[in-house]
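Those protein sequence lines, which keep their order, are chains A and B. Numbering-wise, the first sequence is residues 0 to 243 according to numbering that gives the first Met the number 0. Numbering-wise, the second sequence is residues 0 to 231 according to numbering that gives the first Met the number 0.
It should be emphasised that the hints constitute simulated quantities derived from the structure, not laboratory data. Computed from a prediction, not measured in an experiment: that's the story for all the values here. Hints are not guaranteed to be accurate.
Taking lysine-lysine pairs in the BS3-like style, the calculated list, with each CA pair at most 27 Å apart, reads [said to hold, decoys possible]: (1) B:K25 to A:K62; (2) A:K62 to B:K55; (3) B:K191 to A:K28; (4) B:K55 to A:K20; (5) B:K25 to A:K221; (6) B:K225 to A:K28; (7) B:K225 to B:K191; (8) B:K207 to A:K221.
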Amino acid sequence: MIDEAGFRFDGRRWDELRPIKFDIGMLEKANGSAYIEWGKNKILVGVFGPREVHPRHLSRVDKAVFRCRYHMAPFSTEERKNPAPSRREIELSKIITEAIEPSVFTELYPRIGIDVYIEVLQSDGGTRCASITATSLALADAGIPIRDLVVACASGKVEGQIVLDLSNMEDQKGEADLPIAIMPRTNEVSLLQMDGNLTEDEFDKAFKLAIEGCRKVYSLQKESLRNKYISLKEAINTEVKSEE
Amino acid sequence: MSKLTNLKELALPGDLIAEGDYNEGKNTYQEENKIYSSMVGLVNQTGKTVNIVAIKGFYMPVIGDLVIGKVVDIRMSGWIVDINAPYSSMLFASDALGRSFNLRRDDMTAFLDLGDLILAKINAYDRTRDPTLSIKEKGLGKIKRGQICEIEPSKIPRIIGRKGSMVTMLKRETDCYITIGQNGLILVSGQKPELEFLAIEAINMIEKDAHTEGLTDRIKEFIKMKKEKMIS
Numbered sequence: 000m001i002d003e004a005g006f007r008f009d010g011r012r013w014d015e016l017r018p019i020k021f022d023i024g025m026l027e028k029a030n031g032s033a034y035i036e037w038g039k040n041k042i043l044v045g046v047f048g049p050r051e052v053h054p055r056h057l058s059r060v061d062k063a064v065f066r067c068r069y070h071m072a073p074f075s076t077e078e079r080k081n082p083a084p085s086r087r088e089i090e091l092s093k094i095i096t097e098a099i100e101p102s103v104f105t106e107l108y109p110r111i112g113i114d115v116y117i118e119v120l121q122s123d124g125g126t127r128c129a130s131i132t133a134t135s136l137a138l139a140d141a142g143i144p145i146r147d148l149v150v151a152c153a154s155g156k157v158e159g160q161i162v163l164d165l166s167n168m169e170d171q172k173g174e175a176d177l178p179i180a181i182m183p184r185t186n187e188v189s190l191l192q193m194d195g196n197l198t199e200d201e202f203d204k205a206f207k208l209a210i211e212g213c214r215k216v217y218s219l220q221k222e223s224l225r226n227k228y229i230s231l232k233e234a235i236n237t238e239v240k241s242e243e
Numbered sequence: 000m001s002k003l004t005n006l007k008e009l010a011l012p013g014d015l016i017a018e019g020d021y022n023e024g025k026n027t028y029q030e031e032n033k034i035y036s037s038m039v040g041l042v043n044q045t046g047k048t049v050n051i052v053a054i055k056g057f058y059m060p061v062i063g064d065l066v067i068g069k070v071v072d073i074r075m076s077g078w079i080v081d082i083n084a085p086y087s088s089m090l091f092a093s094d095a096l097g098r099s100f101n102l103r104r105d106d107m108t109a110f111l112d113l114g115d116l117i118l119a120k121i122n123a124y125d126r127t128r129d130p131t132l133s134i135k136e137k138g139l140g141k142i143k144r145g146q147i148c149e150i151e152p153s154k155i156p157r158i159i160g161r162k163g164s165m166v167t168m169l170k171r172e173t174d175c176y177i178t179i180g181q182n183g184l185i186l187v188s189g190q191k192p193e194l195e196f197l198a199i200e201a202i203n204m205i206e207k208d209a210h211t212e213g214l215t216d217r218i219k220e221f222i223k224m225k226k227e228k229m230i231s
């Protein structure tokens, strides 16, 4: 998995991310949307809302209901994946919802709901991190007020070495996987999972590495959002005063 | 010490836009004495209040707002109206008819039917209740003619312009009646359909170039040019 020169099987160093590409607002029918290519992962996210909650009894009188549905396409894996929601997908839907909800001003919009649909078109390890990163962008694109963008990245242990951003093969063959999500402005951690075993020192190192990875992804995330509105950025000497 | 990001700069969610002696405005939030953006938009300031003009957003009802809505359902006591907001609103029959009514005698569909568009004011709304509408004032009620165009609700102030300069110019140049709903729907009705189309085209142009300077004059030129073409 890692050769003598310190290169991983896909040519990365231990502290390097896979290439990441974003696209924002390409879905016509959704209120907001984002597409992410993270290495070989390809994920499409659509945001609907704020809108009325269906079924009605799920609505809350004190805040908006924020729901994410993570789903893998049948063609997203090596072998055909049954399109029915699996145990794993239900879990990921829950943890993605909980990772992003703290960033949304749900308390401002009682009795309504925000629905997020995440479709994994192709998967290669680290889809939860890519999904969280893309969902946050889609929310920003939908014009839903959020405290900060949420960004996620994983680190782990492969052949005794702490590495950043595990691919599927490294995840399968490696000893541990540590995905985390943060809100970079306040450094709050909104997702922390660990699969496998790490010593305390290894955990510290992996945690710091993952935070560092998050920061790198965050700058890419911001840049893509900025580029989407590049025409507005160019028109800095504009007149908005008359608005009020 | 007070500090403010450049006005009209693009802000992203979580960006620090002001520090010190400022108040939080629309689409911003405050933590201690720092003000952050909560949306993608342009930084704007009115007095001590800092706000973000959102590039994309949705309409939240405010009491007293003039809105354009569509009747989507009829209930015992009134009509359910879609006002382009996350909440569906209610227009009570007692308000609309201005008298008590009897379901057995009164045919509600004769007054407003499914799919009818109405011009209304938001009568009541808070966190606990869906908005209710009123059409009691003069000029409100069923929309009988004209065309509707939809724009981003956050761009409505730009269509109105400073002290209504933009909309006054639009009305004068296109010779159309223009009624602006705060929920992003605009009613345009004029003598000729061509003029209505022209007004809608101009409104869409304003929405697209909302952030640029000297827009009123440019739109005026544009309408004049189009009108000349129409005549020849």
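Hint check results:
1. B:K25 to A:K62: holds (19 Å)
2. A:K62 to B:K55: Holds, at roughly 22 Å.
3. B:K191 to A:K28: Not OK: K191 (chain B) and K28 (chain A) at ~32 Å, beyond 27 Å, violated.
4. B:K55 to A:K20: holds (23 Å)
5. B:K25 to A:K221: This hinted pair holds, its Cα atoms lying about 21 Å apart.
6. B:K225 to A:K28: Cα-Cα ~32 Å, so violated.
7. B:K225 to B:K191: holds (14 Å)
8. B:K207 to A:K221: Within the cut-off at roughly 23 Å; holds.
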